[in-house]
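J.: Each chain is listed here by its residues.
There are 2 protein chains.
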Amino acid sequence: MTEATGEAPPIPIRVVLVGLGKIACDQHLSALAKNPSLELVASVDPAAQGRDGLPHFTSLDALFQSDLAFDAAAVCTPPQVRSAIALRLLEAGKHVLLEKPPAATVEEISHLEERAATLGVTLFTAWHSRYAAGVRPAREWLGGKQIRSVAIVWREDVHIWHPRQPWIWRPGGFGVFDPGINALSIATEILPHPLRVTHSALQYPANCEAPVAAQVQLEDSGGLEVSVDLDFRQKGSQTWTITVDTDEGTLELLQGGSVLSTPDGIQASEDEEYSTLYEHFARLMREGRSHVDMAPLRLANDALLLGSIERVEELNV
Amino acid sequence: MTEATGEAPPIPIRVVLVGLGKIACDQHLSALAKNPSLELVASVDPAAQGRDGLPHFTSLDALFQSDLAFDAAAVCTPPQVRSAIALRLLEAGKHVLLEKPPAATVEEISHLEERAATLGVTLFTAWHSRYAAGVRPAREWLGGKQIRSVAIVWREDVHIWHPRQPWIWRPGGFGVFDPGINALSIATEILPHPLRVTHSALQYPANCEAPVAAQVQLEDSGGLEVSVDLDFRQKGSQTWTITVDTDEGTLELLQGGSVLSTPDGIQASEDEEYSTLYEHFARLMREGRSHVDMAPLRLANDALLLGSIERVEELNV
Chain A
1 MTEATGEAPP IPIRVVLVGL GKIACDQHLS ALAKNPSLEL VASVDPAAQG RDGLPHFTSL
61 DALFQSDLAF DAAAVCTPPQ VRSAIALRLL EAGKHVLLEK PPAATVEEIS HLEERAATLG
121 VTLFTAWHSR YAAGVRPARE WLGGKQIRSV AIVWREDVHI WHPRQPWIWR PGGFGVFDPG
181 INALSIATEI LPHPLRVTHS ALQYPANCEA PVAAQVQLED SGGLEVSVDL DFRQKGSQTW
241 TITVDTDEGT LELLQGGSVL STPDGIQASE DEEYSTLYEH FARLMREGRS HVDMAPLRLA
301 NDALLLGSIE RVEELNV
Chain B
1001 MTEATGEAPP IPIRVVLVGL GKIACDQHLS ALAKNPSLEL VASVDPAAQG RDGLPHFTSL
1061 DALFQSDLAF DAAAVCTPPQ VRSAIALRLL EAGKHVLLEK PPAATVEEIS HLEERAATLG
1121 VTLFTAWHSR YAAGVRPARE WLGGKQIRSV AIVWREDVHI WHPRQPWIWR PGGFGVFDPG
1181 INALSIATEI LPHPLRVTHS ALQYPANCEA PVAAQVQLED SGGLEVSVDL DFRQKGSQTW
1241 TITVDTDEGT LELLQGGSVL STPDGIQASE DEEYSTLYEH FARLMREGRS HVDMAPLRLA
1301 NDALLLGSIE RVEELNV
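Residue numbers (this note's numbering), protein chains in the order written: chain A, 1 to 317; chain B, 1001 to 1317.
Simulated from the structure, these hints should not be mistaken for laboratory data.
Don't be surprised by glycine CBs; every beta carbon is placed ideally from N, CA and C.
Certain hints may be false.
[What the hints assert, rightly or not] Chain B regions said to be covered by chain A (calculated; three or more residues, Cβ under 8 angstroms):
id : region
1  : 1095 to 1107
2  : 1305 to 1315
[Claimed, not checked] Computed Cβ-Cβ distance ranges for the label pairs, DEER-style:
id : chain 1 : residue 1 : chain 2 : residue 2 : range
3  : B       : I1023     : A       : Q267      : 50 to 60 angstroms
4  : B       : H1199     : A       : A92       : 21 to 31 angstroms
5  : B       : F1064     : A       : D245      : 23 to 33 angstroms
6  : B       : R1311     : A       : D61       : 31 to 41 angstroms
7  : B       : R1139     : A       : A92       : 32 to 42 angstroms
8  : B       : G1222     : A       : A92       : 11 to 21 angstroms
9  : A       : Q217      : B       : E1270     : 42 to 52 angstroms
10 : B       : G1050     : A       : L119      : 50 to 60 angstroms
11 : B       : A1047     : A       : A206      : 31 to 41 angstroms
12 : A       : P36       : B       : S1221     : 30 to 40 angstroms
13 : A       : E314      : B       : Q1255     : 42 to 52 angstroms
14 : B       : E1219     : A       : A92       : 14 to 24 angstroms
15 : B       : H1199     : A       : G144      : 43 to 53 angstroms
16 : B       : S1221     : A       : Q217      : 33 to 43 angstroms
Given these sequences and hints, build the entire structure.
T.: Put into structure tokens, the structure is as follows:
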């Protein structure tokens, strides 16, 4: 209560969750519940069950036809349909948070960005890994140091982390770039200059339209080389590591960015990625701003467009 | 001679042709020879024979190590290596014309555009089909009319038009989008609003890394639909047609844009695409401007990224 100060608490911004799949249930529901500036008022999903006590719709049409009032939406669908859904929401005057990857292609985001600006609503491309505990201190530690090379290794078992998500293997589904784009979102956040793809090799399972593994070479305008090793077929211990070699020693971001190791020691703290992400979204809406960054998507798009394709063993999807 | 006016003729801009393949020999050599503002001073190609009387180098390194002076380059290599070559030329302070497609990806062009601006040299993304005789009158005829639908049909026999060009089938080679991007360059020139890809279906030969045929749906911001039918397997009569249905009758651009048919009659004139293109390049250099348009490349990139992939019969490449 803020009665003591004489101010009423701000009215929460009413949010609809569109796409109630794994990431929405694992992260968005609890992050929204913890944020007093935001109020989850409904969910939309054609297939998933709704949550107890929360209005649920099986389509955007049904949501719009209801008299449910809302201000914003978090779009957590597969990326192939994300931009069309986001466009309808923007055109209806709603603020939009896009889960990562924000769309299948950069061009789709350019269109959404332009529409959001014209319509005066907030668009937020939410790269959640950038809010991992080690990322900001990593960027600060690197500031002013001479970076010699960067190696990204992102190897996980798709059957553990993406069960029953066939959309990953369809066109626009990104395959191993679905997790890999998290690494790219961190790299583009902590490194000082823009990156571009100079080489890409992709392995596609015989039965899939997206790669299961990729070896990508990036370079920045100063000639800094970044190697990217992505693999969805990892068994046993899983690896999500970015290693940055500098003139003052080696920095390692481990466990997807939550643990930071430098010559000064190791920092680790509790995962607050989605809480911080929703705080940022709430602030953007209050301030009437958008935050659109396409750099990780640009790199993933280019790696897919430029990559040599090797067909490998069928995957059980 | 301009002695009568008391002015000396301007010194020609010295141009090097980088990539002496089919399009350079078919079009660039004669267009350069016809333009008094430009002087072809050398060619560069690792494989092709040079032309009689014209200095020839087998690499950019060899060109730069020679003492040959030049001001500009037309880059007619396969698209996969175009941006790296263009970057070296720009960094050396040379003006650059990029044959179409100007690079494998939009991102590569963004980088070149930024460098050209910083370095104060001209960059020109040369979409030659936009200079076909019917294109400008088509745009003018469409001005102010209500467009109902657009259909693009681009069907040719790859073995006739692209003999011994294996790069087309490698990553970044575009496959049937290599000719198809000509149609996209015309459509984006004559239609009033930006287009985006809403649907794409691609057929890849079992032995190729690029599509041999594609069916793509485009839409503009006003809901106008554009269907695109590309096929590299056409036998017999070849088709390069854009049909625009309006409230005042049907416009047809035939034979790749050189013939225009409207309810007012048929216009056809001699092909001057590359002459006009080089006149434009010369003007850009004289005026110290760049002309960069990525719209056709954006559409081709998105059609490739979003397309469903069907494997079809092996192609003899």
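J.: Take the hints in turn and mark each one as holding or not.
T.: Hint check results:
1. Check result for the region 1095 to 1107 of chain B against chain A: holds, 4 residues qualifying (beta carbon to beta carbon below 8 angstroms, three or more required).
2. Coverage of the region 1305 to 1315 of chain B by chain A holds [criterion: at least 3 residues with CB-CB distance below 8 angstroms; count 5].
3. The hint said 50 to 60 angstroms for the Cβ distance between B/I1023 and A/Q267, and at roughly 56 angstroms that hint holds.
4. At roughly 23 angstroms, the beta carbons of B/H1199 and A/A92 sit within the given window of 21 to 31 angstroms.
5. In this structure the hint that B/F1064 and A/D245 lie 23 to 33 angstroms apart at CB holds, the actual value being about 32 angstroms.
6. A beta carbon spacing of about 36 angstroms between B/R1311 and A/D61 agrees with the range 31 to 41 angstroms that was offered as a hint.
7. For B/R1139 and A/A92, the hinted distance range of 32 to 42 angstroms is satisfied, since their beta carbons lie about 34 angstroms from each other.
8. The beta-carbon spacing between B/G1222 and A/A92, approximately 18 angstroms, falls within the hinted interval of 11 to 21 angstroms.
9. A C-beta distance of roughly 47 angstroms is found between A/Q217 and B/E1270, which places it inside the suggested range of 42 to 52 angstroms.
10. With their beta carbons about 57 angstroms apart, B/G1050 and A/L119 fall inside the hinted range of 50 to 60 angstroms.
11. The hinted window of 31 to 41 angstroms between B/A1047 and A/A206 holds, with their beta carbons roughly 34 angstroms apart.
12. For A/P36 and B/S1221, the hinted distance range of 30 to 40 angstroms is satisfied, since their beta carbons lie about 38 angstroms from each other.
13. Evaluation of the 42 to 52 angstroms hint for A/E314 and B/Q1255 yields a pass: the beta carbon distance comes to about 45 angstroms.
14. Distance hint check: the CB atoms of B/E1219 and A/A92 are about 19 angstroms apart, consistent with the given range 14 to 24 angstroms.
15. At roughly 49 angstroms, the beta-carbon separation of B/H1199 and A/G144 lies within the given 43 to 53 angstroms, and the hint holds.
16. Hint check: B/S1221 to A/Q217, Cβ distance near 37 angstroms, so the stated range 33 to 43 angstroms holds.
Figure legend: structure checked against the earlier numbered hints; every hint is met.
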